[in-house]
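Protein chains in written order, with UniProt numbering: chain A, 1 to 305; chain C, 1 to 305.
Everything labelled a hint here was simulated from the structure, so no lab data went into it.
For glycine and all other residues, C-beta sits at the position ideal for the given N, C-alpha and C.
Any given hint might turn out to be false.
[As the list claims (entries may be wrong)] Where chain C lies over chain A, by a calculated footprint (3+ residues, C-beta under 8 Å):
id	stretch
1	110 to 124
2	177 to 186
3	201 to 214
4	276 to 284
[Said to hold, decoys possible] Cross-link-like lysine-lysine pairs, in silico, BS3-like; alpha carbons within 30 Å at most:
id	chain 1	residue 1	chain 2	residue 2
5	C	LYS257	C	LYS185
6	A	LYS205	C	LYS259
7	C	LYS169	A	LYS185
8	C	LYS169	C	LYS259
9	A	LYS257	C	LYS169
10	C	LYS19	A	LYS257
The lines below spell out each chain.
2 protein chains.
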Amino acid sequence: MSVSSTETWSRRMWNVVQKAASSFVWEGDLKLSYLPFIVNGRQVGIIPPIMMEALSVSQPDLFEFKNNEVHLSPSLTTYAERTARVGEFIAKCRQSGNFITLQGWRNENYAVSRSYYDTPLFEMERSATCLFGVKQYGVHVNGYYKHPIDGICMWIGKRSSTKQTYPGKLDQIAAGGLPAGMSIKECMMKESEEEASIPRNISSKAVSVGAISYFTEDERGLFPETQFIYDLELPADFEPTVKDGEVSQFCSWPLSKVKEEIATDRFKPNCSLICLDFLIRHGYITHDEEPHYLDFLSSIHQTHF
Amino acid sequence: MSVSSTETWSRRMWNVVQKAASSFVWEGDLKLSYLPFIVNGRQVGIIPPIMMEALSVSQPDLFEFKNNEVHLSPSLTTYAERTARVGEFIAKCRQSGNFITLQGWRNENYAVSRSYYDTPLFEMERSATCLFGVKQYGVHVNGYYKHPIDGICMWIGKRSSTKQTYPGKLDQIAAGGLPAGMSIKECMMKESEEEASIPRNISSKAVSVGAISYFTEDERGLFPETQFIYDLELPADFEPTVKDGEVSQFCSWPLSKVKEEIATDRFKPNCSLICLDFLIRHGYITHDEEPHYLDFLSSIHQTHF
Numbered sequence: 001m002s003v004s005s006t007e008t009w010s011r012r013m014w015n016v017v018q019k020a021a022s023s024f025v026w027e028g029d030l031k032l033s034y035l036p037f038i039v040n041g042r043q044v045g046i047i048p049p050i051m052m053e054a055l056s057v058s059q060p061d062l063f064e065f066k067n068n069e070v071h072l073s074p075s076l077t078t079y080a081e082r083t084a085r086v087g088e089f090i091a092k093c094r095q096s097g098n099f100i101t102l103q104g105w106r107n108e109n110y111a112v113s114r115s116y117y118d119t120p121l122f123e124m125e126r127s128a129t130c131l132f133g134v135k136q137y138g139v140h141v142n143g144y145y146k147h148p149i150d151g152i153c154m155w156i157g158k159r160s161s162t163k164q165t166y167p168g169k170l171d172q173i174a175a176g177g178l179p180a181g182m183s184i185k186e187c188m189m190k191e192s193e194e195e196a197s198i199p200r201n202i203s204s205k206a207v208s209v210g211a212i213s214y215f216t217e218d219e220r221g222l223f224p225e226t227q228f229i230y231d232l233e234l235p236a237d238f239e240p241t242v243k244d245g246e247v248s249q250f251c252s253w254p255l256s257k258v259k260e261e262i263a264t265d266r267f268k269p270n271c272s273l274i275c276l277d278f279l280i281r282h283g284y285i286t287h288d289e290e291p292h293y294l295d296f297l298s299s300i301h302q303t304h305f
Numbered sequence: 001m002s003v004s005s006t007e008t009w010s011r012r013m014w015n016v017v018q019k020a021a022s023s024f025v026w027e028g029d030l031k032l033s034y035l036p037f038i039v040n041g042r043q044v045g046i047i048p049p050i051m052m053e054a055l056s057v058s059q060p061d062l063f064e065f066k067n068n069e070v071h072l073s074p075s076l077t078t079y080a081e082r083t084a085r086v087g088e089f090i091a092k093c094r095q096s097g098n099f100i101t102l103q104g105w106r107n108e109n110y111a112v113s114r115s116y117y118d119t120p121l122f123e124m125e126r127s128a129t130c131l132f133g134v135k136q137y138g139v140h141v142n143g144y145y146k147h148p149i150d151g152i153c154m155w156i157g158k159r160s161s162t163k164q165t166y167p168g169k170l171d172q173i174a175a176g177g178l179p180a181g182m183s184i185k186e187c188m189m190k191e192s193e194e195e196a197s198i199p200r201n202i203s204s205k206a207v208s209v210g211a212i213s214y215f216t217e218d219e220r221g222l223f224p225e226t227q228f229i230y231d232l233e234l235p236a237d238f239e240p241t242v243k244d245g246e247v248s249q250f251c252s253w254p255l256s257k258v259k260e261e262i263a264t265d266r267f268k269p270n271c272s273l274i275c276l277d278f279l280i281r282h283g284y285i286t287h288d289e290e291p292h293y294l295d296f297l298s299s300i301h302q303t304h305f
């Protein structure tokens with residue numbers, strides 16, 4: 001095992017990973033101040049302390065506290081009813097001005113379920129999901145090409161300086177949250193077209209290569225997130241171009257540069273994790289050389305609850 | 001999300017994964033009958049109940065019970081002392097005939113440490129590691145080639161009917177446990193040569209693509225295992241051949257056949273998991289179609305302790 005030359009990078013990257021993927025562990029004492037969120041008998045989230053008062057005071061008929069759990073009222077039996085009533089509640093929360101995350105209202109609904117592959121129980125405004133610790137799903141595309149001298153080069157996007165979240169940070173060639181009712185592949189092709197002007201005859205060849213799951217908490221709320229991943233090998237003469245303004249520019253970097261940059265705070269944190277996974281899968285970070293190899297893998301494949 | 005055509009396979013595969021990767025969870029009540037194994041202040045294993053009497057009665061000077069933990073005597077301060085004294089103890093356990101696993105004595109020493117990348121504290125006969133719940137590490141090689149009509153085809157080995165463990169089961173083209181002091185890549189090339197007659201000028205091109213970690217228990221003991229994984233694309237006209245007799249024959253299958261077979265009990269359980277990871281990474285099992293996709297990923301990337 002040779003660690004000498006990689007030790008500094010390894011430690012820096014481990015700090016990035018711990019911040020981006022390991023800041024919330026729901027066990028022990030935390031289970032007293034964070035409560036499971038139950039809908040129709042199934043846990044679909046974790047309620048953080050910042051939400052408790054709003055839930056208990058404002059809408060006693062909508063949420064029930066029992067057995068140290070928060071239950072959505074069982075009187076709401078349909079997808080439409082739950083979506084409407086929770087939607088009204090969240091709109092009131094927004095008016096109260098008490099919740100930072102709702103200042104970034106998206107007008108985009110996310111499906112709420114025990115897991116992505118379960119039938120959704122209702123849907124919820126995207127910016128509110130972190131107030132209920134509802135799992136969020138997204139798609140990331142690794143756009144790359146093979147350079148005759150530099151080897152694999154990856155296209156990196158710089159987020160617009162006016163973007164609500166992580167303005168100016170480095171990102172994949174295309175990525176986005178999964179709106180309710182859209183397939184993962186369709187979402188990938190839509191984001192590739194909108195963010196990087198990649199035509200569908202190219203993006204449709206992207207290869208589904210896995211997913212990463214991690215859990216973080218910040219001042220907005222709780223983020224148990226899963227990102228489905230595609231690798232998209234692009235023609236060497238293809239250049240992504242800005243389209244919807246979410247990205248301000250693209251550049252392509254050899255993997256040595258990607259490796260250096262993801263260990264800094266210049267990347268959007270979860271994009272660092274996606275690139276890390278790419279570097280591991282493509283043999284650029286290897287078993288024998290990287291002392292945090294197994295820590296990296298377990299951090300990006302967490303079970304949420 | 002289309003699940004209809006895959007549902008039967010999905011359920012069968014989920015049963016295989018649960019057996020191969022989810023049969024031991026070290027929490028709650030289990031922590032009363034399984035104790036952490038501490039060496040030099042670091043936890044390096046979990047002692048299962050079948051070992052408690054032997055530890056407490058036979059060698060009171062070698063193992064100390066304190067704070068619901070089992071400590072190797074701190075009087076043993078060097079690698080060599082620990083290896084020798086624990087080795088003597090295990091040899092006596094073997095003579096007692098009380099431990100099934102020791103009937104499969106390997107004469108191969110494994111390194112004992114908190115994690116693979118930590119400095120080893122001592123070494124221990126391979127067949128005894130499950131009596132101490134010491135983490136075991138191995139290497140698996142996915143040998144494949146691209147067939148003009150069938151697409152990616154994978155070489156599958158059938159284990160010899162005289163092998164100590166899992167005789168007659170299906171396996172990767174090459175795989176093996178990591179002996180103390182050997183690099184992962186060197187182990188991969190050695191096993192590729194010994195088991196499948198793959199020359200080093202070919203195996204040296206194998207790509208490091210990740211690792212899977214899982215935890216099982218059986219009548220022999222506890223198995224917190226990590227397998228480092230290589231993908232090796234072989235020339236289409238290359239045929240692996242039996243060399244050391246650990247494998248009785250090789251055949252190559254298209255991925256459709258691999259997918260079917262790994263959901264049966266004809267595969268060695270952990271080899272099913274390695275193939276599953278390959279099918280996910282190569283886009284043969286996709287996000288949109290496989291309802292246990294995220295369950296599979298979290299099951300094969302467990303944190304041991």
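Can you give the numbers of the hints that this structure goes against, from lowest to highest? Hints 7, 9 and 10 are the ones this structure does not satisfy, whereas the remaining hints hold.
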